[in-house]
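Trainee: Chains A and B, in that order, are what the protein sequence lines are. For my numbering, count along the first sequence from 1 and bump the result up by 407. For my numbering, count along the second sequence from 1 and bump the result up by 109.
Hints may be right or wrong, so weigh each one.
Estimated spans, in silico, between C-beta atoms of each pair [as the list claims (entries may be wrong)]:
(1) 288/B <-> 584/A: 40 to 50 Å
(2) 144/B <-> 656/A: 48 to 58 Å
(3) 591/A <-> 363/B: 53 to 63 Å
(4) 185/B <-> 764/A: 19 to 29 Å
(5) 144/B <-> 698/A: 31 to 41 Å
(6) 311/B <-> 693/A: 46 to 56 Å
Now the stretches of chain B that chain A is said to cover, found in silico as 3 or more residues with beta-carbon under 8 Å [as the list claims (entries may be wrong)]:
(7) 186–198
(8) 257–267
(9) 360–372
(10) 381–393
List time: in silico DSS-like cross-link candidates among lysine-lysine, alpha-carbon distance up to 25 Å [to be verified]:
(11) 490/A <-> 399/B
(12) 190/B <-> 360/B
(13) 766/A <-> 399/B
(14) 352/B <-> 624/A
In case anyone wonders, no lab produced these hints; they're calculated from the structure. Source: prediction; values computed, not measured. From the three backbone atoms N, C-alpha and C, an ideal C-beta is built for every residue, glycine too.
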Amino acid sequence: MEDFMKPTPLKTKYFTPGVIVIFVFATIGILFLLARLFFGLGAVTNLSNQYPWGIWIGIDVAAGVALAAGGFTTAALGHIMHKEEYHAIVRPALLTALLGYTFVALSVAMDLGRWYYIWHPLIMWNGNSVLFEVGMCVMAYLTVLYIEFIPIVTERFIGRVSLPGFLSVLNKPVDSLLRILDKTLDKTMFIFIIAGVVLSCLHQSSLGTLMVIAGPKMHPLWQTPILPLLFLLSAISVGFPMVIFESLITSKSFGLKPEMKVLSNLGTMIAPLLGIYLAFKLGDMVIRQTFVYLNELNTASILFLIEIIFGIIVPLRIFISPKLTKTRAGLFIGSALVILGVLLNRINNFIIAYNPPYKFTPYFPSIGEILVTLGFVALEILLFRTFVMIFPIVSVPQPLTSKTKFFIRGK
Amino acid sequence: MSKQTRRNFIKTAAVAGSVIAGLPKKTDAAPKNILSEDRMGVLVDTTVCVGCRKCEWACKTAHNMPTTPLESYDNREVMKKMRRPDHTSLTVVNEYEFDDYPEFPIDVKVQCMHCDHPACVSACIVGAFSKEENGSVIWDSSKCIGCRYCMVACPFQIPSFEFHKAIQPEIKKCDFCFSRTKEGKLPACVEICPMEALTYGRRKDLIDIARRKIELYPDRYINHIYGETEVGGTAWLYLASRKFEDLQFPKLGNSPAPGVTEAIQHGVFAYFLPPIALYALLGGVMWINKNRKKSEEGEE
Ligand code: SF4
Ligand code: SF4
Ligand code: SF4
Chain A
408 MEDFMKPTPL
418 KTKYFTPGVI
428 VIFVFATIGI
438 LFLLARLFFG
448 LGAVTNLSNQ
458 YPWGIWIGID
468 VAAGVALAAG
478 GFTTAALGHI
488 MHKEEYHAIV
498 RPALLTALLG
508 YTFVALSVAM
518 DLGRWYYIWH
528 PLIMWNGNSV
538 LFEVGMCVMA
548 YLTVLYIEFI
558 PIVTERFIGR
568 VSLPGFLSVL
578 NKPVDSLLRI
588 LDKTLDKTMF
598 IFIIAGVVLS
608 CLHQSSLGTL
618 MVIAGPKMHP
628 LWQTPILPLL
638 FLLSAISVGF
648 PMVIFESLIT
658 SKSFGLKPEM
668 KVLSNLGTMI
678 APLLGIYLAF
688 KLGDMVIRQT
698 FVYLNELNTA
708 SILFLIEIIF
718 GIIVPLRIFI
728 SPKLTKTRAG
738 LFIGSALVIL
748 GVLLNRINNF
758 IIAYNPPYKF
768 TPYFPSIGEI
778 LVTLGFVALE
788 ILLFRTFVMI
798 FPIVSVPQPL
808 TSKTKFFIRG
818 K
Chain B
110 MSKQTRRNFI
120 KTAAVAGSVI
130 AGLPKKTDAA
140 PKNILSEDRM
150 GVLVDTTVCV
160 GCRKCEWACK
170 TAHNMPTTPL
180 ESYDNREVMK
190 KMRRPDHTSL
200 TVVNEYEFDD
210 YPEFPIDVKV
220 QCMHCDHPAC
230 VSACIVGAFS
240 KEENGSVIWD
250 SSKCIGCRYC
260 MVACPFQIPS
270 FEFHKAIQPE
280 IKKCDFCFSR
290 TKEGKLPACV
300 EICPMEALTY
310 GRRKDLIDIA
320 RRKIELYPDR
330 YINHIYGETE
340 VGGTAWLYLA
350 SRKFEDLQFP
360 KLGNSPAPGV
370 TEAIQHGVFA
380 YFLPPIALYA
390 LLGGVMWINK
400 NRKKSEEGEE
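Isolated chain B (complex conformation):
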């Protein structure tokens, strides 16, 4: 390699390097993920819930989803089987019977937990999910490409997908009634609940309330607020009279679900240094090998 081409080599390599470095910095490229002091939440007291499923009806009605009339919800047949939220219902109530108290089944309302460090927000390839100031985790249909990575990521297995649609299938999940709360209304499910099993309020206050309840009625509740620390905390919190695993809550650690991935991701891409270093290293190796070949050929 002559001096001239050598210089060219370095110059061109430098240009290529800076092009790669010009790619987005992680801060401008992340979706909205606000963790406000005053974020809202809901405390679900499963010892109060009677499984009337009015919340299911209210939720559907508030989201313009087809539903049978409210009276039909008195039919408890459907509760014989475990159900999950999906595109027909953003929330469902499951009932669990236990041999020690057969006459007192426990009812558990299920919906998105609105995590404080949501895996779905971190995972979504186009940033279609966002954590809003009021605590809601919502989904933007105009961005979503339907890759379903959010479903892989969510530790509570919440986002559901309209597999039956060929055009504009949507990710369906509880949106914490984002448009209602914006207008100062209560979430539809909270508003309708006749037993006041659902309490809407600042997450901070809800935790205080939950603690006090546990303190006052140590026989009624186990000493665990589900969602207080799970995967770094969730906006929806649960109280129960028995172990949460018995009620099919997933057993999760306290560190945020996206933690490990984001650490790896940002380690590899710290200011794009590792890729650039690799680029430079390979360029150097290539250059040395070429020159060696050249000089060997020269000697021949």
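Extracted from the complex, chain A is given alone in its bound form:
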């Protein structure tokens, strides 16, 4: 008989040697961010009038959004397709998306020359601007993600609110507030879940439209009017690999047994998604006859080939094989390749492909830019660890006596 699984806060020591290294990276990143705030973008980054956007946009924002796609793809699978066997992965994926998008917003703010005006798009609209649409959708989706997270908070704290000191008089009101929230959300959650998927489809694709306006400044291998479609397809195909990858790492780091059955089943769904993405990517190349650029051997053509071969074709081969998708190594390597492939694709689109007509020095990210990017990733990992230790997110086997049934939202 199978163990009964239930999301539970994980208990373990917070600091391990690995976590301490991550902590150091996070601290260094924050120091460079402070430098950016006090001395301006020019002091910390290698950005210039030739290269206005660097890795903070290409990696932190563009790749960050793509790699947080696990949130909406699992929501679609678990809630909209209503596949209950996947409910165990919905919460970790939701948390990743929540943290991912929070850091996307933070990265955008830090990249803005006038970060303190980040609210301007709320009242100053330009419907023609793709960036405006991306910004609005991301803001809306971030809100939806926080709302989707509330039930996890209420589940954790209803009947357990105990504020310290004199605040304890508030225990009762806070508890009832949580209960009201919980009840209202229980009935309306499906609205947010669907809205989350719609908003994701919109901004995942629009992120691709962003670079279309750069026109001939973009290398023809990537510049295509179907960029939005390619971005959407790649985001959808990186969603499950991201969930698998993270689940394997979380289990390893917390000493749990990975949910191999669920993960393998997820794995079998990746191949068709990758296949569709590959078909459109190659089809686009054939129709626009851009393969001629592959004859020249340069950074662009090499990176394009790496992106296609190691980011799509090799993992596709892995996920097609039922044998490999059943093994931990197969899942891990396959997922990691898809993730790296999409990461490289976003870097290619936003940085490598950007070829301004007048340039003096080529762009290469500064130490500061790299350390801030690493710092953000480190902070995200630390927060993820904190959250899974406070909130019931990761499903762990329960003693069979447990009567409480795993509480599922949107039902």
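Got chain A sorted already, so can you dock chain B with the ligands onto it with the hints?
Mentor: Structure of chain B with the ligands alone, referenced to chain A:
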């Protein structure tokens, strides 16, 4: 799902849908982008320009930007290297030497082209750029958030940014002397030019003048008015004695730079129908799947 909850489901979904539909229609949400019949422009005759760079000085002076005295501009050393307009100078003159006529270098003044269908206006997230009635494309500091998308979008690589500033960095570019022309004055660079290489006038008339010049002096000019059709036309127009690519003008198509993006954008958001349809579709799928689960459970 009972009848009651089913009805609720549909009702709530409908409310959510109409909230999304209530978002702005594209027409009220676009920045000012006027294409007046009588918009002004400047015709730059690069065969006349001698590269005295007085326009650089005049431009800085008119915009209260720091500058060395006018005499220092006689020093032609700086022209050995290609320069671009930036926060220290909204316009620069570059000089190109060619082996076939080494004694006659060609000088090219560079500044914002004031496009008829400006990519910067279309791209700016907050609509800080606008195309004004007189043809100028100007930037509103009170709106800009410093995202630099305008720089990514501009096909001529014109907007520059004050990367060195931590607070209120600005986008810097030629504003076609908007405040001067409002008072009936000439743009500072046009006014000072001793060779009359710059002609200020209605864009329509400038094109006629340029055509006539080409007709009268077919040996002096190549048969191409740069800016007449490039990216849908620009307010600043150029004449030259040799191919514009040789003078480092970008080779651009004739369709407006924002065209493709706006088509995609408005296709996806046509009256918000596609997002709403997707919403409805997903809602339907969710509903069916739930009911199926329910009935399966009922049979058990
Ligand atoms: S040249 Fe660039 S900055 Fe000037 S109007 Fe055209 S798109 Fe805008
Ligand atoms: S930097 Fe300023 S002017 Fe340029 S697109 Fe961003 S908000 Fe608009
Ligand atoms: S039109 Fe005015 S702002 Fe533009 S280059 Fe001439 S002087 Fe400078």
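Trainee: All the hints need checking, so say for each whether the structure fits it.
Mentor: Going through the hints against the structure:
1. 288/B <-> 584/A: 40 to 50 Å: violated, 55 Å
2. 144/B <-> 656/A: 48 to 58 Å: holds, 55 Å
3. 591/A <-> 363/B: 53 to 63 Å: Taking Cβ atoms as reference, residue 591/A and residue 363/B lie about 56 Å apart, which means the hint holds.
4. 185/B <-> 764/A: 19 to 29 Å: holds, 24 Å
5. 144/B <-> 698/A: 31 to 41 Å: holds, 39 Å
6. 311/B <-> 693/A: 46 to 56 Å: holds, 47 Å
7. 186–198: Since 3 is at least three, the answer is holds.
8. 257–267: Since three or more residues must qualify, the claim that chain A covers the region 257–267 of chain B holds, with 8 doing so at under 8 Å.
9. 360–372: Per the Cβ count (8), the hint holds.
10. 381–393: holds (count 5)
11. 490/A <-> 399/B: Status holds; Cα separation ~10 Å.
12. 190/B <-> 360/B: Since the Cα atoms of residue 190/B and residue 360/B sit roughly 21 Å apart, the hinted pair holds (cutoff 25 Å).
13. 766/A <-> 399/B: violated, 57 Å
14. 352/B <-> 624/A: holds, 20 Å
Hint compliance for this structure: hints 1 and 13 are not met, and every other hint is.
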